Amino acid sequence: MVDRRPDSEDGSRAKRQKMDKSGTDPRDNPYLAHMYADTSSNGNSSSQADNKNSAFAKLQRHKTTAALAAKVEDDDFNPFTNRPYSSKYFSILKTRRDLPVHAQRDEFLQLYQQSQIMVFVGETGSGKTTQIPQFVLLDDLPQAQRKMVACTQPRRVAAMSVAQRVANELDVNLGEEVGYSIRFEDMTSPKTILKYMTDGMLLREAMHDPDLNRYSTIILDEAHERTMATDVLMGLLKEVVLRRSDLKIIIMSATLDAQKFQRYFNDAPLLAVPGRTHSVEIFYTPEPEQDYVEAAIRTVLQIHATEDEGDILLFLTGEEEIEDAARKISLEADEMVREADAGPLKTYTLYGSLPPHMQQRIFDPAPPPRRPGGRPGRKVIVSTNIAETSLTIDGIVYVVDPGFAKQKIYNPRIRVESLLVSPISKASAQQRAGRAGRTRPGKCFRLYTEDAFKKELIDQTYPDILRSNLSSTVLELKKLGIDDLVHFDLMDPPAPETLMRALEELNYLACLDDEGNLTPLGRLASEFPLDPALAVMLISSPEFYCSNEVLSITALLSVPQIFVRPASQRKRADEMKNLFAHPDGDHLTLLNAYHAFKSPEAQENPKQWCHDHFLSLRSLQSADNVRMQLLRIMEREELEMISTSFEDKKYYENIRRALCAGFFMQVAKKETQGKSVYTTIKDHQNVLLHPSTVLAHDAEWVLYNEFVLTTKNYIRTVTAVKPEWLIDIAPTYYDISTFPKGDIRSSLLRAAERLSRKEKMRADSGKRR
Amino acid sequence: MSNYEDEDYFVPLEDQRVFGAGITKKRVPFVRSSDHELSTLTSSAPNTPSATGSSIANKYLSIVMPKPSTSSSSATASSLLPPPGATPDPTPNDRSRSAPPSPTATTATCEICNLPLPTSEPETDPRAQRKHESSLVHQVCLTHSHPPSHLDRTRHGLRYLESYGWDPDSRLGLGATGREGIREPLKGKLKVDTVGLGAVLPSPTSTAAEKRKTEKVQKLNAKQMRKGHVEARRKGEKLREMFYRDDDVLRYLGTG
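As you go down the protein sequences, you meet chains A and B in turn. Letter by letter, the first sequence follows residues 1 to 769 in the working numbering. Letter by letter, the second sequence follows residues 1001 to 1256 in the working numbering.
Calculated from the structure, these hints are not laboratory results.
When the alpha-carbon atoms are kept at most 27 Å apart in a straight line, the in silico DSS-like pairs for lysine-lysine are as follows:
1) A/682 <-> B/1189
2) B/1235 <-> A/741
3) A/346 <-> B/1026
4) B/1189 <-> A/712
5) B/1238 <-> A/682
6) B/1189 <-> A/406
7) B/1187 <-> A/682
8) A/741 <-> B/1238
9) B/1189 <-> A/455
10) B/1235 <-> A/682
11) A/712 <-> B/1187
12) A/426 <-> B/1187
13) B/1191 <-> A/454
14) B/1191 <-> A/408
15) B/1187 <-> A/406
16) A/408 <-> B/1187
17) A/426 <-> B/1189
18) B/1238 <-> B/1223
19) A/650 <-> A/598
20) A/741 <-> B/1227
21) A/58 <-> A/147
22) B/1189 <-> A/408
23) A/454 <-> B/1187
24) A/406 <-> B/1191
25) A/260 <-> B/1187
26) B/1191 <-> A/455
27) A/260 <-> A/454
28) B/1189 <-> A/454
29) A/455 <-> B/1187
30) A/712 <-> B/1191
Rough simulated footprint, nothing fancy, chain A against chain B, three-plus residues with beta-carbon under 8 Å:
31) 1026 to 1034
32) 1143 to 1156
Facing chain B, according to a computed beta carbon distance under 8 Å, are these residues of chain A, among others:
33) 302
34) 403
35) 422
36) 498
In this text, all values refer to a predicted model and were calculated from it rather than measured experimentally. We put the beta carbon where it would ideally sit given N, CA and C, even for glycine.
Model the full assembly from the supplied sequences, consistent with the hints where possible.
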């Protein structure tokens, strides 16, 4: 890449020379041509660059101070766009300068300039996510390097909304100088110099650009959340900085356990900025509670009856529990209004599967008093741990914390990922308490004893990488060229058994060969932002003449449940679902529903149609979007898009076979005794078909998409398959000699016999001809 | 008021309140936190596992002698304990001991358990040395071999990890040298009730106890006993055979 010499000396000299018309323009001097080689090569941008220098001339790369930067920001012209600033810009600028991070701008810049890696700790409300990248922009001057500044976020929504906010603050159009990039959506342009993106997207970019050469600075925001992608990126960046001395890294965290990051990055310097939070008083129960849900409800009502004005946030574990508690709270609150003249209490619920417009309602203001001068109203938000970090709700003064959350856990021995209600960590409890101090001093009521807090809670929540199936991560790492998975320097390396499982799964999927090298199929599969099993299914679907249909199914499996089943109209919803039901299983039912949704009749008024048929329009639309994105990848990779004719009697059979190509490791066989009890192949877990299944007949072998661990083990989204297909499609996995004596083995033997007999017949008939 | 009564009449069963009107009847009590306000995490580092001999000895002592006053208990302790001269701050109880060795002899310490050796010239007195070596404290501090890992050696994934230098029997996790990770996958516990954090329900334990009682009452006749006996023996044999036929075990035992 050509150096454009951003130094102010050069810039100002050029400017002076340009104005000096009396003398000869040195540009015309052929002996000095090399000095202007770059600017003359693209005339258009040269004038722009000169103009830019008018404001940026004050700055020198990695020498900016807060005062200098403030001067540029106070200028009349926007140096990024060469347009005068709008009036809104200056009003935003004023609020920006009030943010806590602004007070420490000089300290930040000094540390940033001195070090390659730094850790920045800013509590919620310090303004780090919006301001730090802008501080970096005015010091790193990435446009002069033809590079970008990246800022990663764990969540798509955050990446989008923060990018919008920062674009407003810099007075530029979103998608031009400031953009964002998330899975299935890229909102950037060649002009982009600051890019907000999900951590997963940066990881995907690293697969094609292992040194991340497009970036001059990479900021990993919300690193304390320890998502899988952030953890892998940190390990990766630790290696990249050794190769690229010009790359700067900032790790941003909201909690004070930042020493762990510091240690991990070889004692990188640390800067901490206090947040704008108020003190929170913490209360415990003197005795453990027998029923935390009931205690939580009582506590909420107690706060409503006795405490001063201020909204309440209650943390519970899941949708059902939350809806139930919310209903009880409103019933009791109504009673209190009637009998004790309490103020009005409005209840809102919040959980991941709630549609966005319902989630938005939590920001409604608290209800007013019932009559002027009456007792103030308040709202109570009953939420999962979404409200712990992801969403910030102002006005919360009271937090009720029972100490539980649904947390993911992966058991590599039976290969099941499940969500279990388990005690939170101390860090998590502190984070929850902190939510009470956003607007004024607050109170946090913990429904456990102080002793339990100290003794029963672990210090930190386990990072995602220790609680997930690693097969897609291992595939990504292999694609990134990291073969030594044993010594790869992760902050929290996973258990050996979990990694072994992932390697074995990838080997069975033929993404890795027996030596553990990436196969062409594995390389292809890593191009898809999907679970390896889904990617392999999609890639092999043309062999089964049904890539169009399998693509639809893949998209439908990647979005939230499309069938809606409201508690009040379960029967009606089930009737509607039966319209789409296919006797051979749920995958085909999904496909039928999708095809119906795409019919012209439904597309006339999709909203009404979905409402009538108890389908989620939002899920179907995002499935549509995912399908389009995946289609683009398939076309790029030159995978054939074909279908079997619908009239062909093998139409559905082909699809079921294609499902086997990806999901042959998720198969269960019916027990000979016992009604509808199934046993998973190789892992020998007893499971039941989930009650939501439409599978009509007693299928002996079924393939499933999901293992749900509750009081009973369920398999959800199942489709009937035949053992012959499995032996045919995945011969290594279904190598009969590896199965222990028993029902499954004899069934497989019979299937193999049928298969060979059929083959023999085919060969015989071939000979006769 | 009658209006309300009518309303109550039509509340469906599932919607009826679980607890009575008026929460004041049964308040959830709360106590202030001891450090009052939300503070940053105090990293209450638990006792490091690399316990030295003396810390184990002290812990043992604190269990055995909550109030170290009787002379008999101090006498039993003296076989385990360093001579009082070694402790920097001798308690009155120590002073009451009958025959403390001279403080000059305490400079010699055992290399393994970091405890002062019991006699002044340990090399010359093999009996005292053996006594020290057989002491609990010394034994605890000895490094000893561990059984091999339970992992199936034929697994493909293990082969991969081994080819990059991971030893399943090393009792180390993965990761950069010196910062190895966890050795076993995290375990989850299925929770289906709404019992609060730290609470123990009395009922399941009592029912379990009852069950045990009823089991005891069951009597077997001779035939059943014989049958059970044969069954148990067969099981044991099968297990032994499975165990000793295993190549890995044979290799480990050094006979294969």
